[in-house]
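Whenever a hint applies, use it, and build me the whole structure from the sequences.
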Amino acid sequence: MQATAQGFVNSYGGAFADDAVGVSMGGNGFHVATRRFIGQGNGHQAGLLLLSTSGSEQSWLPIGIDGRSFAQAMALGTSGSTFIAGSSCAPGRSDHDGFVAKLDPDGAMTWLTRPSLPGDQQYLAVHGLPDGGCIAAGVRGIGDGHDAWITRFNAFGLVQWHQAVTDFSDVEAHGITVQGNDVMLTGRQLNFGGSSDAWIARLSLMNGDLVWASSWGGVRNEIGRAIAAFGPGAFVLAGTTNSEVPYDISEGRHKDHLYLVAFDLNGDSLWTRAIGDTLFDRRCFGFAFAPNGDLLACGERSASLGSSDAWASRLTPYGALTWERAWDLGKEERLLALSALPDGFIAAGWSFGEASRQALVVRKDPNGF
Numbered sequence: 004m005q006a007t008a009q010g011f012v013n014s015y016g017g018a019f020a021d022d023a024v025g026v027s028m029g030g031n032g033f034h035v036a037t038r039r040f041i042g043q044g045n046g047h048q049a050g051l052l053l054l055s056t057s058g059s060e061q062s063w064l065p066i067g068i069d070g071r072s073f074a075q076a077m078a079l080g081t082s083g084s085t086f087i088a089g090s091s092c093a094p095g096r097s098d099h100d101g102f103v104a105k106l107d108p109d110g111a112m113t114w115l116t117r118p119s120l121p122g123d124q125q126y127l128a129v130h131g132l133p134d135g136g137c138i139a140a141g142v143r144g145i146g147d148g149h150d151a152w153i154t155r156f157n158a159f160g161l162v163q164w165h166q167a168v169t170d171f172s173d174v175e176a177h178g179i180t181v182q183g184n185d186v187m188l189t190g191r192q193l194n195f196g197g198s199s200d201a202w203i204a205r206l207s208l209m210n211g212d213l214v215w216a217s218s219w220g221g222v223r224n225e226i227g228r229a230i231a232a233f234g235p236g237a238f239v240l241a242g243t244t245n246s247e248v249p250y251d252i253s254e255g256r257h258k259d260h261l262y263l264v265a266f267d268l269n270g271d272s273l274w275t276r277a278i279g280d281t282l283f284d285r286r287c288f289g290f291a292f293a294p295n296g297d298l299l300a301c302g303e304r305s306a307s308l309g310s311s312d313a314w315a316s317r318l319t320p321y322g323a324l325t326w327e328r329a330w331d332l333g334k335e336e337r338l339l340a341l342s343a344l345p346d347g348f349i350a351a352g353w354s355f356g357e358a359s360r361q362a363l364v365v366r367k368d369p370n371g372f
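In terms of the numbering used here, the sequence shown opens at residue 4 and continues consecutively.
Mixed in with the good hints there might be a few duds.
Unchecked claim - The calculated label-pair distances, taken between Cβ atoms and stated as ranges, are:
id, residue 1, residue 2, range
1, 10, 213, 40 to 50 Å
2, 18, 67, 18 to 28 Å
3, 234, 67, 36 to 46 Å
4, 210, 145, 37 to 47 Å
5, 273, 183, 17 to 27 Å
6, 198, 273, 20 to 30 Å
The hints are simulated quantities; they were obtained by calculation from the structure and are not laboratory data. We treat Cβ as the ideally placed atom computed from N, Cα and C, and that holds for glycine.
And the structure:
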């Protein structure tokens, strides 16, 4: 692998708190989806951070939603457009409505949609579609518990369908991808005993009908955070597990491992990997395929409770570890999303130091340097 990228590890933000939740190539650099806390009177605001190719901050553009708004995910669309998805609370209200904003290659707003429905809806993942629209997924809360909540929008931001996937326990959708007429989801299913299993589901892109839903889990906890297709009818979910892993005698617990599961269109497992050791917790939040088919994962690595470093790893197409890197900027760091680039990758998250919590962006070459 050739190391040609212009790398950087930068933090951005003001005096309060900034989180970066997604990153992609833009017209003249990188676009970073953020949620910014701007004070007690105004709360959180979703926005777009524009960076040069070398990581210099160009500007920060608010999405412009009345009330409080929380960006949660970002995805590429057609013709250089991007989608930012999340939720917002109207002035004077505490319930959430899911929103999606479509931006042009320069970061200007094309449209903003916020369906007003009973209960709470929060979009935690979004995927651009070839028709210029998108599909967003997350959670719906009506009464006690959560359902997975999925909405398809057309190229003009109009709702084509909604779908709730329910279960006897809470279900949350955290990752989404589309292949042909199939929508594939991953997330978490909460169990009655308090543990969780990684959850997957298949829906029809045309009308949102549920084809099947399933889950994988061991004696403790699994969660799916991201999902991508790696061939016709084949997918990989990435997340975290602490079930079938070594026991750390010094701390008296099983540490979190990177969790990878490959499966087919019927939900049958092709292979499973739990990658880690007893030295660190490794929690995965973002995932993508490199141009050569390798797997890129990001999240946090922690040697002790209460501290963490930003973390990324590269694996072969079948989940064998090639390398892992960690970046320590202060007390706590976490990467939430990752995009593969022709000459490396770029990942986004947050860094918490002595002064404040700031958006974190890491740009590295194919070797992680």
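Cross-check of the supplied hints:
1. Checking the proposed 40 to 50 Å range against residue 10 and residue 213 shows it holds: the Cβ atoms sit about 43 Å from each other.
2. With their beta carbons about 22 Å apart, residue 18 and residue 67 fall inside the hinted range of 18 to 28 Å.
3. Judged by the Cβ atoms, the range 36 to 46 Å given for residue 234 and residue 67 holds: they are separated by roughly 40 Å.
4. Roughly 22 Å separates the CB atoms of residue 210 and residue 145, a value that falls outside the hinted 37 to 47 Å.
5. Distance hint for residue 273 and residue 183: a CB-CB separation of about 18 Å, consistent with the stated range 17 to 27 Å.
6. For the pair residue 198 and residue 273, the beta carbons lie near 24 Å from each other, so the given range of 20 to 30 Å is met.
Checked against the numbered hints given earlier, this structure breaks only hint 4.
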